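Here is how the chains run, residue by residue.
Protein chains: 2
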Amino acid sequence: MEKVKLKTNILKKEIINIFKKFGLNNNHALISTNALINAELVGAYGHGLSRLKMYCDRISKKVINPKPKIKIKKISQSISHIDANNSIGFVAADIAIKTAIHNAKKTGIGMVAVKNSGHYGLSGYYAEQAVKKNLITMIYTNAPPAVAPHGALKSLFGTNPICFGAPTGSKVPFILDTSISMINRGKIRVAARNNKKIPEGVALDKFGNPTTDAKKALEGVQLPIAGFRGSGLAWMVDILSGVLTGGNHAGKVKDPFNDFSGPQNIGHLFITFKANLFQKNYNQRIKENIKIIKRLPKISGVKEIMYPGQNKFKRFKENSKKEINIPKIIKKDLEILNS
Amino acid sequence: MEKVKLKTNILKKEIINIFKKFGLNNNHALISTNALINAELVGAYGHGLSRLKMYCDRISKKVINPKPKIKIKKISQSISHIDANNSIGFVAADIAIKTAIHNAKKTGIGMVAVKNSGHYGLSGYYAEQAVKKNLITMIYTNAPPAVAPHGALKSLFGTNPICFGAPTGSKVPFILDTSISMINRGKIRVAARNNKKIPEGVALDKFGNPTTDAKKALEGVQLPIAGFRGSGLAWMVDILSGVLTGGNHAGKVKDPFNDFSGPQNIGHLFITFKANLFQKNYNQRIKENIKIIKRLPKISGVKEIMYPGQNKFKRFKENSKKEINIPKIIKKDLEILNS
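Residue numbers (the numbering used here), protein chains in the order written: chain H, 1 to 339; chain E, 1 to 339.
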């Protein structure tokens, strides 16, 4: 796959301009651009620039609202409900995590539900913001059908990530951000785009046969982790982010890439609470926890036992120093969108 | 394995007497007995009577406190912290879920952390109590080392269950109660006690080799679901129930069956919130969700797509009508403990 190198600040200006051209205001364009660039820098390419054209297409077809009137309803000092008015997901999630942080700082715990939102990229990106304020955070969002419920022959659950963030007493946060499918849908999409194969055992084609062909997997069914357990976790996320919030659920979230018949109406749930609610020396305790686990005897070939988020943080640091490498095919998207 | 049949009410009286003989007051004996009988009725034998002798042994050796002075510290209207004073886990969990329900009814959301507790049986048993009050609930507890962190050659995480309960608009609650190990430790323990084999791929012996021998698996390492992801979920549970609460963590929770050198100091976390916080018609929405999923085309041989908790509820109903069947070896425990 041919790639081109771009300086981050130049790329950033270009994306901001594109979003503004498509009707987002300065602030919303900046929020959305930062989220996309972050995904590139942590190596989550399936949530990065490979999606830019899709967002713009959805704005053009009026299924993302570039000028949303976002309503924040206060249910208590701790609890808020956001109607995102079909905004681009990044903007809804940005307001939601900031509200959840505000509520938790005030009362110890914050809970924010969002409806009428869209795909917001990486849950971990929002979790980091809360963790930096010494909050523990749990984030749930649903997504278009990709995984079959246990016992069913048809996809219904999204890859429905479970995200958990916690302060570590160091600048490298603990961020678990795991989909309940064997592989992220974004990775299959990137493989399909680049004509690469996917691993065995992660997906079935539309006839129910195992496949390593990324394009066939996108038409078929992704497999959940751990059978009934993974299916149950996906169902939990659908309840928390969809049924509870007022978002779409039970397979009704539209695929953003090929269903322009209406807004996605994705739902999200953000829970935040102070890490030192019960133990003043939380920081000392978590440091000890990590130290003990890192000291365990290791499987041969393993240099260090890593906690979730550590690798991503390392990649972010390394990539931030370099120019961003993007596939030529995406560079072409940028040029067309900016023309 | 030879079994004997007993009427539930007779068995119940017998267990209450045993707990009282070991120093529990009437109320604590009743709470603990109900939890054990419930485990038998739902078919979770690894959390049922197979543990009774262990609890009594721990009381005798003064590592469970039969007369605890349990302190409930109110942090806010929503948040409470319980020091269980090394009570039997059932009693700590019973107070905790009742406090979490009370807090959520008052403010919309409740969060209760528990320290200095012990093994409390099935998380789902407590989740059910909250769900009956139209609350959604999330429960976390840590446990003695059983699962190796990803990359490590030694067990450290417990089987650390993730429990989620939600009202369904019917009398059969949605209760996901899943350990992050491939198999519940309790099931391995029951297999070891009855000289039965365990499935392949769920455990390694103490030398790191795959084993189907339940006794060797108990000495070895259980495998987490989904590699790094399951390991991350186990780590999350250790932070939520141990690091956060003041409980033991990082592998320091003692095995209740063979480590009498001190109390377990297990930690638990209970989160509850009103199911209709954001959508008044939550019940209608969840009913629709379940109906749509149940209508999906099914894999050949599957009669009905079940949601988590449905099978357990069915077993409970069926078993409640019958006498309880217990292995002779456990009947003998009862006779000795009651003599």
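Since the hints were made in silico from the structure, they are not lab data.
All values derive from a computational prediction rather than experimental measurement.
No residue lacks a Cβ here, since even glycine has one placed at the ideal position from N, Cα and C.
You may find that some hints are simply not true.
[To be verified] With a Cα cut of at most 20 Å, we get these calculated EDC-like pairs of lysine to aspartate or glutamate:
1. E:Lys252 x H:Glu288
2. E:Lys71 x E:Asp57
3. H:Lys254 x E:Glu288
4. E:Lys331 x E:Asp57
5. H:Lys298 x E:Glu288
6. E:Lys254 x H:Glu288
7. H:Lys215 x H:Asp259
8. H:Lys252 x E:Glu288
9. H:Lys298 x E:Asp205
10. H:Lys171 x H:Glu219
11. E:Lys154 x H:Glu304
12. H:Lys332 x H:Asp83
13. E:Lys280 x H:Glu219
14. H:Lys154 x E:Glu14
15. E:Lys154 x H:Glu288
[What the hints assert, rightly or not] Covered by chain H, according to a simulated footprint, are these stretches of chain E (three or more residues, beta-carbon under 8 Å):
16. 30-44
17. 57-67
18. 76-87
19. 249-257
20. 300-311
[Said to hold, decoys possible] If you anchor each label on the Cβ, the simulated ranges turn out as follows:
21. H:Lys171 x E:Lys98: 39 to 45 Å
22. E:Asn26 x H:Gly201: 31 to 37 Å
23. E:Ile72 x H:Thr212: 43 to 49 Å
24. H:Ser320 x E:Leu153: 30 to 36 Å
25. E:Gly201 x H:Asp57: 54 to 60 Å
26. H:Glu323 x E:Lys280: 25 to 31 Å
Taking each numbered hint in turn, which are not upheld by the structure, reported in ascending numerical order?
2, 5, 10, 12, 13, 14, 16, 17, 22, 23, 25, 26
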